[in-house]
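My request is simple: use the sequences and hints to build the entire structure.
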Amino acid sequence: MFAILKISQIISICAFTLISLITITTAQFLQHGYSANITQPPTMIKQPGFEQLYQVSTGDETDHPFTLDCEAYGSPEPRYWWTKNGARFDYEAYDKRISQKPKLGTLIFGKPEAVDEGLYQCFAENDYGTSMSNAVFLRRSELSSFPEERPREIPVEEGDPISLDCNPPSGYPKPQIFWMFLSGSGALHSINSSRLTVDPEGKLHFSNVTKSDQLDNGAMYACSATSYHRTEYKVGRKTRLSVRSRSTGLVNHHPPEAQYLSPPQVQVLRGQKLVLFCIYGGTPLPEITWRKKGGSLEGNRVSYQNFGKTLVISKVDEQDEGTYECSAINGHGSQLSHAMQVSVSSAPYWIRAPNSTNAAQDESVHFECLAEGDPKPNLEWLINGQPISTQKRPNLRIDGSSLYIDSVKKTDVGVFQCNSSNMHGYAFRDFYLNVLDLPPVVLEPPEKVASAVQASTISLKCRVFGAPKPKIKWRRDNVELSGGRYKVLDNGDLQIEYVMPNDQGTYQCKASNKFAEISREGELHVKMRTTILQKPESIEIPAGRMAVLRCNAESDPSLHQDVHWLYNGKMIDVESDPRIIKSRDNSLTITKTRELDSGNYTCLAKTSLDQDSASATLTVQDVPNPPRITNLDCDKQRATLQWTSTGDRRAPILSYDIHQNTSAKPDVWENAFQDIAAADPRFTLNLQPWLNYTFRVIARNKIGTSLPSEPSQVCTSEEAPPSTNPTDVKGRGTAPNNLVISWTAMDRRLHHAPGFRYKIYWRRDDIPNSEFNTHIINDWKESKFVVTNQPTFVPYRIKVEAQNNRGQSLMAPDEVIGYSGQDLPTQEPKNFRLVKLVSPSKAIFSWDPVSPESIRGRFKGYRISSWPDKEDRVMRSREVMLGNVTTAEVEILKPFSNNTVEIAAVNELFSGPPSNQIVVTTPEGVPEAVPSLIAAPMGTSAFYLVWKRPEKVNGRLIGYEIYYEEVSGTELKERVKRRPSIDDPLETKAKLANLKPNTKYRITIVAKTKVGEGAPYFIEATTNGKTGIIVPDQPSFTWSKLPEKEGSFGIRVTWLPNYRNGRPGTAFQVQFRKLDSNGWQTTPLEEHVDTVKVEGLDPNSAYEVRVMSVDGNLKTSSNIEIVSMDGGYVYRPISDPLSDPTWLIALACAIALLMIIFFLVCFVKQNRGGKYLVHEKEVALGRDTDDPEEGFDEYKGVNSSVTRPLRGEPSLNSLNESDEDSLTDYEGDRSKFEEDGSFIGQYGVKRKHDLPTIQTPGVATFV
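Residue numbers (numbering that gives the first Met the number 0): 0 to 1262.
Rather than coming from a laboratory, the hints here were simulated on the basis of the structure. Check each hint, because a few of them may be wrong.
[As the list claims (entries may be wrong)] Derived CB-CB ranges, DEER-like:
(1) ILE1018 x ASN670: 17 to 25 Å
(2) VAL301 x GLU553: 36 to 44 Å
(3) PRO154 x SER189: 23 to 31 Å
(4) GLY185 x ARG681: 35 to 43 Å
(5) VAL547 x GLU371: 30 to 38 Å
(6) LYS829 x PRO767: 34 to 42 Å
(7) PRO767 x ASN915: 37 to 45 Å
(8) THR645 x ASP62: 54 to 62 Å
(9) THR726 x ASP632: 29 to 37 Å
(10) ASP62 x SER192: 38 to 46 Å
Predicted model, so just to flag it, every value in this text is computed and none were measured. For every residue, glycine included, the Cβ atom is placed at its ideal position computed from N, Cα and C.
Right under this line is the structure:
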């Protein structure tokens, strides 16, 4: 029987007694007023666990009272009694130290004593049966003290492992052991180090000892013991370490050494925690790896403690049986392993256990107590605490794990127990059988209005009590619901699977037994299902980038919807991390991702009735973790390096690089080998002799490269003779009488032994059988040697050999030919003459060769020089280099000039004396191409062209020709010559008219001399695409008087188109009439030039003159000016400005604007202190900018008197956009363009009426 089991075998088996549904419904039934008719056997609702600890006070300690809980429910109210160690327990006999709570079975121990230990069990009984609690072992907790002993001092060598014994005190439960630092003042400090580990027996293990482990100021290591039940701890076994340093000064190394290992055979009970230890010492700290043979160590039940030295598996079950192996390695010595065979046993646990039951007379009942365990448990049945085998009941039978009672009677009422036990513990169940006669009573009717969403499963409640048990039926629209999607549960509820919209309606629950029939109704409303419409998509991005996960859902409009985000199943608190933002559209943004952000992200859309979710994976990839070097084997000439990855950070490692650091370059890490395949983390490297090597490894994935690993240990290679000689050996003189032998100094890594030096060999190559001269250079950084007092430019045979204390180089040095220094050639070419003038710039010359002896160096050929008259020979000389020839055709002459030509012999360094000079007069040629050409659209059918004068005219420039061709795809249409030609050589602009709108043209310009047209220069441009009506903006004009003719006078009118809005017009004409006359006279439409002469005017009359800008058939008139013979004029506006209020408004706005500008200028001047002189800034920086050839005024000193017109190329943008652009130049200079290339302003009408003589105005005109 369970009551006499050995309690020491019971290990924390979680036993519980469920209050059955029938018990609950009985209580509810009583609440409905039927208590007078209901009886019930007792059932435990509160009881103690399997073991309970208590503490006995000693000395002056206060008492530690405790209780043993026992509470049961029954009708009539139960009575309580206890047993201790199997015998009836009389608590009243203990001098009131022990009492019992009124109307409860709970015992109160007010002053516990040692004699209170024992096995207790509570019983609750009434007239209908006896209920039993668990058997609880009441045990006194104890904790002894450490034995008195003096502190120990233990000597240990730095780098060695060591273990310190604790000799902990006895106690129950087993004390927890931990080690601490005990300072000289008595303060205790916890220990947290990967090198220090405490095993289950209380020993403290140092994986390796360092100098810091020798504590200062009287501090010691102390062992501490504590009990989780008692609020006290004990301290003892105090120890000091005396750490001795190693005398060699080398880095300490110690192979792995076992310090504590779990036993080879480990047994653990199901549901408990499995803890395996593998504590190894060594220097460096060994790396511990765990594996399970034939299984994996993954999942949330597996964890590692003590920096990987302890494997912990929680809630062990049968699948955790097997062999576990740990391995230790630290790069020194061999790898150590230890295997542990784990077997899992089990105390009994319930597979199926019965609940309390209410039955009607003549019904049959069935109880099943099915338990499992290892070893297989024994099952025992009891009734009212007595073995059932002692009862004589013919209607009761036992079949294996089942108990059957047929045709129950009132005499069968009682409390039953089943107990399943084995060597590890027991499982106990207490339940009752009650026999009643009651009509149906509805305890929980259907809800008046229940709601469910489509496609969900809902249960409509209908909880009924009665005896015999009522039969429940559900109806809707007078149709019984059963089968298919409808299921009536054992508790009476109606379960509807996959709810549809047509399930909405009124449902009726009907309950009946042999005494009565009752019914209740409720409504069901069906809502739209919550659905994720836009699901988040999985993302793979590099670390540091922004990740956005989008989610959109819809729900029933009558329900409130919330959208939440979960990370690996846990709700995300967006307030806790500023990087995470949840937007109004429910999207989740992570602004700066990290590798730890990787995981599963779930969008959860939730209402009060249902929810929907969708998940996506965010993979944040980063550069790998630094690799870890696991082993390095070195010999005389090779080193084999082995490493392991410490994590790819979610982007597979593609390759590894090995860096090396040598004693030759101790401050530099160099590439030893790159792109080593990731599949084989092992590589062998060749070593150069006489060097110390240290290596490190870098991993690479698609994101980038990792940080380097920790450096390896040092490899030292042996000495050897040099394996190579200096390279790039040369012999060359720097003066006529020396020979400089040079080479590339050999890197320190190529010395291979101490005493490295160079041995220099040289001898005359032009003297047969001459012997080598030698010289030793001991400075390895030196890279040249000078041999003096040598003849000029003679050949030498040269070699340089590397040597060290181990001997000369293993490779014979290469011999090279070098020469001593060169000198000036001594002979000029004779008989230099012109053979033929081929063209204005090309001619054929011939001469006599110079003698080889006169070269005095390596002969390079002849240099012909030419310069025109009246030009600086040094600045304007043209030269061409020729080979070893005596006749050559060269193109170095300037056309249309007198060219002086001479020739000289040349060696590598010097040019010899020149020959006789000859003068070549060249004829006129054709010009080069213009440097640039710009075409700005005018209106819809014209271009305004601007170009630069050719840099080389090769004669006298007489003008330009312009051609244009329509471009159609890749073809050119007929070439057309612009008329008239441009015969003014100073002109650099023209108008090209009569073109098609929105059409692409190729425009070609050529400069010309009397000889003909020069090289062409062309561009392609497109006319404006406005093919409809374009009204030109109002133009303006200037005029000047022409020379008088007999009986008449005339004027020259210059058209100034308006570019303010890009509508200047494409042509113009002049209209004039006598003052106060009606009809206008009009000149012909002018499309090519901007100037028209108006002649034949009456000298005795005044005339009104205006200009019309024309674009197609549309015209815009300028303001009218009055012109007369005597030069006076009257400006007569078209309308009276005072009659137009707009004029007054504009005048007021202009005055206000001027005032604002005035104040702004004053403000800027005050804050900037006047004009910023860039020249002063440049001089302060050491740069003088006073260049008369170029630069802005700001870059000139304040005393600079250089003035000149501004220069520059016209801007296409300015031609199209400026409201003050003009087609005119300015007086006295035809090239007055602004620096940005535009024709800026100053367009006020230039009137020349006051001049007594006729003068041509200095304005530019179209040609």
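Here's how the hints hold up against the structure:
no.: 1; hint: ILE1018 x ASN670: 17 to 25 Å; verdict: violated (52 Å)
no.: 2; hint: VAL301 x GLU553: 36 to 44 Å; verdict: holds (41 Å)
no.: 3; hint: PRO154 x SER189: 23 to 31 Å; verdict: holds (26 Å)
no.: 4; hint: GLY185 x ARG681: 35 to 43 Å; verdict: violated (54 Å)
no.: 5; hint: VAL547 x GLU371: 30 to 38 Å; verdict: violated (52 Å)
no.: 6; hint: LYS829 x PRO767: 34 to 42 Å; verdict: holds (35 Å)
no.: 7; hint: PRO767 x ASN915: 37 to 45 Å; verdict: holds (42 Å)
no.: 8; hint: THR645 x ASP62: 54 to 62 Å; verdict: holds (57 Å)
no.: 9; hint: THR726 x ASP632: 29 to 37 Å; verdict: holds (33 Å)
no.: 10; hint: ASP62 x SER192: 38 to 46 Å; verdict: holds (42 Å)
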